[in-house]
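Undergrad: Line by line, the protein sequences give chains A and B. Reminder that position 10 of the first sequence reads as 10 in the working numbering, one-by-one numbering, no gaps. Reminder that position 293 of the second sequence reads as 293 in the working numbering, one-by-one numbering, no gaps.
Calculated directly from the structure, the hints in this document are not laboratory data. Backbone N, C-alpha and C define an ideal beta-carbon position, used for all residues, glycine too. Treat the hints loosely; a few may be bogus.
What the hints assert, rightly or not - Over 10 Å on every C-beta distance to chain A, these chain B residues come out as not near it, computed from the model:
id: 1; residue: PRO20
id: 2; residue: ILE24
id: 3; residue: VAL28
id: 4; residue: ARG42
id: 5; residue: THR44
id: 6; residue: ASN45
id: 7; residue: ARG47
id: 8; residue: ALA48
id: 9; residue: LEU49
id: 10; residue: THR52
id: 11; residue: PHE53
id: 12; residue: VAL60
id: 13; residue: ALA63
id: 14; residue: ILE81
id: 15; residue: GLY167
id: 16; residue: GLY185
Stated by the list, open to error - Partial list, computed: chain A residues near chain B (C-beta under 10 Å):
id: 17; residue: LEU39
id: 18; residue: PHE62
id: 19; residue: ILE86
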Amino acid sequence: MTSTLDPIALQHYLAVGGIMFVIGLIGFMTRRNLILMFLCTELMFQGVVINLVAFGAYHDNFAGQAFTIFVLVIAAAEASLALGLIVLLYRHKATLDADAWRELKG
Amino acid sequence: MTFLAASNDVAWTAGPPFGPLLVIILCVVAGLGTVLLLPGRRDTNWRALGGTFIFIAAAVFAAFLIRWALGSAAKPGLSYIYFWIFSLIALAASLRVITHPKPVYSALYFVLTVFASAGLFVLMWAEFMAAALVLIYAGAILVTYVFVIMLAAEAGATGPGSGAVGGLPEHDAVSRSPRMACLIGFTLMGMLMFLIFDRAPPGIAPNNLGGSGDAIAVGHTQQLGKFLFDYHFVNIQMAGLLLTIAMIGAIMIARKRIVHLGADAEEIAIAESPIEIKNEIILGKPTPIDDDPHAIPVVGTMNPRHKAYPEN
Chain A
1 MTSTLDPIAL QHYLAVGGIM FVIGLIGFMT RRNLILMFLC TELMFQGVVI NLVAFGAYHD
61 NFAGQAFTIF VLVIAAAEAS LALGLIVLLY RHKATLDADA WRELKG
Chain B
1 MTFLAASNDV AWTAGPPFGP LLVIILCVVA GLGTVLLLPG RRDTNWRALG GTFIFIAAAV
61 FAAFLIRWAL GSAAKPGLSY IYFWIFSLIA LAASLRVITH PKPVYSALYF VLTVFASAGL
121 FVLMWAEFMA AALVLIYAGA ILVTYVFVIM LAAEAGATGP GSGAVGGLPE HDAVSRSPRM
181 ACLIGFTLMG MLMFLIFDRA PPGIAPNNLG GSGDAIAVGH TQQLGKFLFD YHFVNIQMAG
241 LLLTIAMIGA IMIARKRIVH LGADAEEIAI AESPIEIKNE IILGKPTPID DDPHAIPVVG
301 TMNPRHKAYP EN
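Here chain A stands alone, though its shape is the one from the complex:
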């Protein structure tokens, strides 16, 4: 890379990634719609990805971006499987409410 992130700049990006992760976490805990819960996990992925790229720029190598590619792959696989599961669950109970499946808690 042409130049590295400075420590102060690195911490700005880490703060943005951390705040985005926490927002996604709060959303995952509070929202009751199955689709929105998975959307919030994507938001948490976003925060992690920003951290990865920032560390990659800080250390001036491409490992962060390579990990980001793998995170994107995992996110795509997770989204396809999760949405398939949501469609399956919706066919059984005709609702997206996560509390409709409360008996799975045991």
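Dock chain B against chain A, hints included.
TA: Then chain B, alone, in the frame of chain A:
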């Protein structure tokens, strides 16, 4: 990159931008605001108050950070302004993702978050990742989400007696235990901010592992590709394999079971399936093999709505 002088040995002149007490106060204020802003049975005045709380906390936080950066050894440049614009858009949109009661709007705000994150990536010289983020997230994953949201539109959930609020089903309009979630979340956020800004070891010097003198001549994307195929070749193949498996798995999970009513096929089908056959297409006798691709799955259904071309 960079909005500060691009040298590897920028002196760590600035101390932490704020003390732990300020972090705690800001997290408490923002947590209260988030509790008020999350969907619930409140009127809009309370939600506006929550938004104001979060705005004040974010403004104070940003002011301390800007003062800290301006007081450092090197002077911020133009891309520092871009950083604040993009991160403001990204964080505000992600807050709206979790606080908007309508799922479609949440998905669209997530698209906005993705675009702003792509802008942040460009600031960090990750042009390829910015493009990939927009293409994969905003282009592929979010379209799938929006499709599922629209397919799973709930007709019966907004009727009387279902707890619906303002035309929305109850599980969209009322959030689950917002106080506890915000307590946990903002405790974590306070710890993160404290660790990032106060306990960051100033001794970590950037090293040049992938150091590259000819970055301009070659370009970051080519360098990234070379890095991937030098160091992560097998991992790339595994990623492709994982995507293939996930695709097959998604098809197998979401397919509808088709039960052929043969001579005594119904008893066999029911006996073989451990769960009750409820939402499945019951077909008539298996249709003969036909070259017309439109004839394969739908001809022979007893439900006229399942025909592919009802106008015929």
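Undergrad: Determine for every hint whether it applies to the structure shown.
TA: Evaluated hints:
1. PRO20: The claim holds: PRO20 of chain B sits with its nearest Cβ about 15 Å from chain A, beyond 10 Å.
2. ILE24: 15 Å, holds
3. VAL28: VAL28 of chain B clear of chain A: closest Cβ-Cβ about 14 Å, beyond 10 Å.
4. ARG42: 14 Å, holds
5. THR44: 19 Å, holds
6. ASN45: Answer for ASN45 of chain B: holds, closest chain A Cβ roughly 21 Å.
7. ARG47: 14 Å, holds
8. ALA48: 19 Å, holds
9. LEU49: Non-interface label on LEU49 of chain B holds, nearest chain A Cβ at 18 Å vs cutoff 10 Å.
10. THR52: 18 Å, holds
11. PHE53: Holds: least Cβ distance 15 Å, greater than 10 Å.
12. VAL60: 14 Å, holds
13. ALA63: 14 Å, holds
14. ILE81: 12 Å, holds
15. GLY167: 15 Å, holds
16. GLY185: 4 Å, violated
17. LEU39: Hint on LEU39 of chain A: holds, closest Cβ of chain B at ~6 Å, below 10 Å.
18. PHE62: 4 Å, holds
19. ILE86: Hint holds; ILE86 of chain A Cβ to chain B Cβ min 6 Å, cut 10 Å.
In this structure, only the earlier hint numbered 16 is contradicted, and the remaining ones agree with it.
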